[in-house]
Amino acid sequence: MSTHDRTEPTREPLTGTLIFERGAAESRCVEAPPLDVPVVSLGGYARAAAPALAHVTEVDIARHYERLASANFGVDSGFYPLGSCTMKYNPKIDEWACRLPGFAGIHPYQAEETVQGALELMWGLQESLAEVAGLPAVTLQPAAGAHGELTGLLTIRAYHTAQGDPRKRVLVPDSAHGTNPATVAMCGYEVVQVPSDERGGVDLDALRGLLDTDVAALMLTNPNTLGLFDENILAITAAVHEVGALAYCDGANLNAILGKTRPGDMGFDALHINLHKTFATPHGGGGPGAGPVAVTGALAPFLPGPVVGMTDDGRYTLVTPARSIGRVRSFLGNFGVLVRAYTYIRALGGQGVTEVAEQAVLSANYLRVRLGDAWPVAYDRVCMHEFVLSGGTMRKEHGVRTLDVAKRLLDYGYHPPTIYFPLIVDEAMMIEPTETESKATLDRFADVLLAIAAEAAEDPDLLHGAPYTTPVRRLDEAAAVKEPDLAWRPQEGAGV
Amino acid sequence: MRFIPVTCEDQVEMLRTVGLSDVDELFADVPEAARLARPLALPEPMGEVELAAHLKELARSNAGADDVASFLGGGCYDHYVPAIVDAVVSKPAFFTAYTPYQPEVSQGTLQAVYEYQSMICQLTGMEVSNASMYDGATAFAEAALMAARVTRRGRVVVSGAVHPEWRSTLATYVEAGTVTVTEVAAAGGVSDIAALAASVGDDVAAIMVASPTFYGRLEDLAPLAELAHGAGALLVVGTNPILLGVMEPPATFGADIVVAEGQPLGSPMSFGGPGLGVFACRQAHIRQMPGRVAGRTTDVDGRTGFVLTFSTREQHIRREKATSNICSNHALNALAAGVYLSAVGAEGLAGIAGACVAKAQYLEQALVATGRFERVHAAPFGYEFALRYRGDVAEMQRALLDAGFLAGLDLGRFSADDAGLVLFAVTEKRTRAELDRFVEEVGAL
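Chains as they are written, first to last, in the working numbering: chain X, 9 to 504; chain R, 402 to 846.
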């Protein structure tokens with residue numbers, strides 16, 4: 009037998025070495041095409057010193073990013089039950105479709121007759137989203153959910169202003185996403201917080217007490233961020249309308265209700281839809297997403313332009329609504345994302361889209377029940393597509409925080425749920441399995457969370473030190489702020 | 402097609418575990434009157450073969466960059482995207498990941514963001530870059546809001562030489578808030594410095610310009626910086642990241658915030674989106690900066706690692722007091738930009754930008770020489786320029802489309818003042834042969 013050590017030899021860490029530190033001074037990848045016209049200098053505007061960029065060959069780049077990718081966790085890596093983010097599987101045909109040269113290679117200012125296919129796709133998507141929303145008019149412009157919120161609220165503001173009745177306040181439940189109050193502030197309104205009742209819904213009496221003719225809108229996520237459908241929704245929207253205010257729906261949780269109920273039918277006047285959640289477009293490590301907004305006929309004239317319309321002779325054309333708030337971005341929207349969502353909807357059809365909601369809700373409830381014995385559910389009732397556990401008891405009894413549980417899950421190969429949100433639940437852990445996970449996956453995950461609960465009782469320090477198996481372990485976030493290092497500079501690098 | 406792996410048998414068992422007998426019981430909280438009593442009226446589902454054919458058909462009915470030679474720009478450009486870029490952004494571990502909230506399993510995204518930020522700082526000369534915004538227009542609008550926070554002033558002065566869609570986006574963003582905008586008409590395709598000076602006072606948070614301007618012209622930034630700083634205001638400069646390969650960066654002249662449409666850095670045109678909002682500023686102003694930012698630090702074992710930092714500015718912590726409501730950004734486009742800039746390097750970028758500039762000069766001279774176009778602006782330009790067409794622009798564009806060209810951007814669609822002007826963008830993809838053939842076609846009009 010050899011005397012060599014059988015344990016794994018030391019490998020280069022996957023991350024930490026920057027692209028600037030790879031390659032060599034003479035390394036090149038893609039060069040500019042040979043110049044076939046006379047050289048021109050920018051004279052006094054010419055750049056004096058070249059920027060310090062990487063000097064690498066293509067293989068350096070390929071390996072560098074392959075290493076980085078290996079240190080990442082995506083939906084294709086494994087179960088990603090990140091509550092409120094709807095991390096469902098992203099079908100590969102969507103990726104193929106958005107790269108077709110007739111989609112990826114067109115310019116937003118081309119003459120309409122040269123982009124009829126693209127406009128037809130956008131029109132079809134507008135129609136499908138309007139049907140799902142139960143609201144007749146749709147703009148595809150917003151680039152993300154928060155951008156949709158801004159668009160929706162500015163549209164509402166323009167509507168009130170046009171009525172000669174500009175208002176001052178927007179009501180937001182205490183369980184809302186942070187983007188909601190941030191958007192309200194950007195739109196020049198005062199934020200007023202609405203408390204939740206003991207069942208996790210809007211406290212109807214408190215809401216009525218806050219409603220008056222200075223209220224422009226209620227921004228509500230339904231199902232809400234506790235994963236609960238507000239049973240009083242019709243009474244809520246009616247009360248809002250009674251004082252002349254409008255009801256805005258944050259569509260972050262639309263995945264739960266597709267084909268079962270529609271925001272328009274609940275009495276909402278405006279809704280943004282996160283295509284990167286409900287309609288399976290990928291999150292891209294933080295974006296791009298898309299946040300189309302659907303509104304009532306009364307709000308339609310105020311939507312940002314342009315939207316896609318159809319002429320009498322069946323051609324597709326870009327139109328700006330009559331009393332539009334203006335642009336919220338350049339060009340027409342995140343078209344590449346729109347292609348993916350359109351593809352997904354055409355793959356599923358009406359029945360398939362409804363099955364998405366049914367399975368997403370069933371899977372969440374299954375996990376809720378499987379975990380409920382060891383993990384207190386914040387509001388223990390039938391949930392929608394997600395539910396919130398509280399780690400408050402575990403913290404009191406074992407000194408183990410939800411953060412520790414999340415980090416321990418990493419060792420077991422799972423992306424943790426959303427933690428410490430919503431803010432109204434102590435040590436919150438919000439779990440959203442989505443419809444694209446098998447029962448076997450859900451069972452394994454439940455077993456692991458139960459095992460971690462046992463670990464917490466037996467060996468709290470095991471959890472305090474987790475994770476142990478990830479490319480890096482817990483990072484010093486305080487140092488990152490105290491001694492900010494936000495960009496590499498050449499003097500630090502070797503060989504540049 | 403469906404993407405649900407749960408079997409019917411599993412479904413029954415899951416329902417039993419939950420204590421229900423029918424899926425509809427899960428939706429008991431939905432009031433009867435709000436339930437959808439009919440199936441969703443969406444188009445019939447398609448299998449993958451059928452769906453692929455349908456999409457190909459839709460795509461084929463558009464005239465794409467492979468079919469026509471394009472001179473369209475105006476913020477979206479037909480640059481070559483190296484094959485390695487798509488190979489990297491197509492890696493599922495990048496594109497199927499969420500925002501890197503769990504840094505231990507997101508080091509790939511976080512390091513790529515840190516590298517992107519570093520490259521943007523190199524290109525623009527600024528000290529700090531954020532992790533990205535949606536596009537150039539929203540980055541520009543957010544820059545105005547940031548300048549107002551930094552200076553505690555409420556008015557921005559915007560040059561009319563800035564892209565009209567950026568100005569329009571800014572107008573929408575500030576419409577509801579406390580910031581007001583004064584627009585100062587352009588002169589000769591660049592800012593009218595005298596007119597800007599006349600409208601600047603001690604209530605001004607920022608002077609906002611672009612170089613190159615919407616008309617492709619280069620601004621003399623030094624006097625603009627002097628004007629802004631003399632009034633205690635910031636100078637916000639929009640720019641083109643490719644051109645920064647050969648153009649002195651805005652930081653040299655004293656820019657405080659630099660924004661750009663980053664689509665030319667490795668993102669396809671894709672009908673105008675998703676693009677990339679480049680946003681860079683001074684370190685001193687970082688606590689007023691919108692958007693995410695990644696920083697380098699170490700883990701408990703002393704290994705180098707990366708985290709999202711300065712998060713106390715952001716909506717998930719600060720809620721209504723956040724510097725912006727932005728949450729999702731354009732991370733994947735930022736990744737593409739990082740790969741692009743690594744692939745071409747400083748030398749390649751200078752070569753590409755130089756080729757664009759040289760070809761634009763070549764075309765400009767040749768078009769003027771045909772006698773069909775005349776010059777209207779005198780300032781130097783990068784790789785985009787506007788000329789007045791002596792004739793009907795729409796007719797000219799139609800005729801040249803038949804000849805296989807997207808013959809520039811009709812500026813009359815943005816402003817009646819610019820009626821008759823056509824904006825041409827010339828990228829490194831255009832060959833001399835294409836330029837010559839285009840000029841020939843113009844001459845034959």
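It cannot be assumed that every hint is accurate.
Said to hold, decoys possible - DEER-style ranges, computed between Cβ atoms:
id: 1; chain 1: X; residue 1: Q359; chain 2: R; residue 2: A795; range: 41 to 49 Å
id: 2; chain 1: X; residue 1: D320; chain 2: R; residue 2: A453; range: 26 to 34 Å
id: 3; chain 1: X; residue 1: V251; chain 2: R; residue 2: H630; range: 33 to 41 Å
Unchecked claim - 30 Å max Cα-Cα, derived DSS-like pairs, lysine-lysine:
id: 4; chain 1: R; residue 1: K830; chain 2: R; residue 2: K457
id: 5; chain 1: R; residue 1: K830; chain 2: R; residue 2: K492
id: 6; chain 1: R; residue 1: K492; chain 2: X; residue 2: K100
id: 7; chain 1: R; residue 1: K492; chain 2: R; residue 2: K457
id: 8; chain 1: X; residue 1: K100; chain 2: X; residue 2: K404
id: 9; chain 1: R; residue 1: K492; chain 2: X; residue 2: K490
id: 10; chain 1: R; residue 1: K457; chain 2: X; residue 2: K447
id: 11; chain 1: X; residue 1: K176; chain 2: R; residue 2: K722
id: 12; chain 1: R; residue 1: K722; chain 2: X; residue 2: K100
Quick caveat, the hints were computed from the structure, so don't treat them as lab data.
What you are looking at is a predicted structure, and each value in this text was computed from that prediction instead of being measured.
Heads up, the beta-carbon is just placed ideally off N, CA and C, and yes, glycines get one too.
Verification of the hints:
At roughly 46 Å, the beta-carbon separation of Q359(X) and A795(R) lies within the given 41 to 49 Å, and the hint holds. The hinted window of 26 to 34 Å between D320(X) and A453(R) holds, with their beta carbons roughly 32 Å apart. At about 49 Å, the CB distance of V251(X) to H630(R) disagrees with the hint of 33 to 41 Å. Annotation: proposed proximity of K830(R) to K457(R) holds, straight-line Cα distance about 25 Å (limit 30 Å).
With a C-alpha separation of about 27 Å, the suggested pairing of K830(R) with K492(R) holds against the 30 Å cut-off. Only pairs whose Cα atoms come within 30 Å are accepted, and K492(R) paired with K100(X) is accepted, the gap being roughly 12 Å. For the hint linking K492(R) to K457(R), the alpha-carbon distance of about 23 Å falls within 30 Å, and the restraint holds. About 45 Å separates the Cα atoms of K100(X) and K404(X), which puts this hinted pair outside 30 Å; it is violated.
With a CA separation close to 34 Å, the supplied pair K492(R) and K490(X) exceeds the 30 Å bound. Taking the CA atoms of K457(R) and K447(X), the gap is near 35 Å; set against the 30 Å cutoff, the hint is violated. Distance restraint check for K176(X) and K722(R): the Cα-Cα separation of roughly 17 Å lies within the 30 Å cut-off, and the hinted pair is therefore satisfied. Distance restraint check for K722(R) and K100(X): the Cα-Cα separation of roughly 39 Å exceeds the 30 Å cut-off, and the hinted pair is therefore not satisfied.
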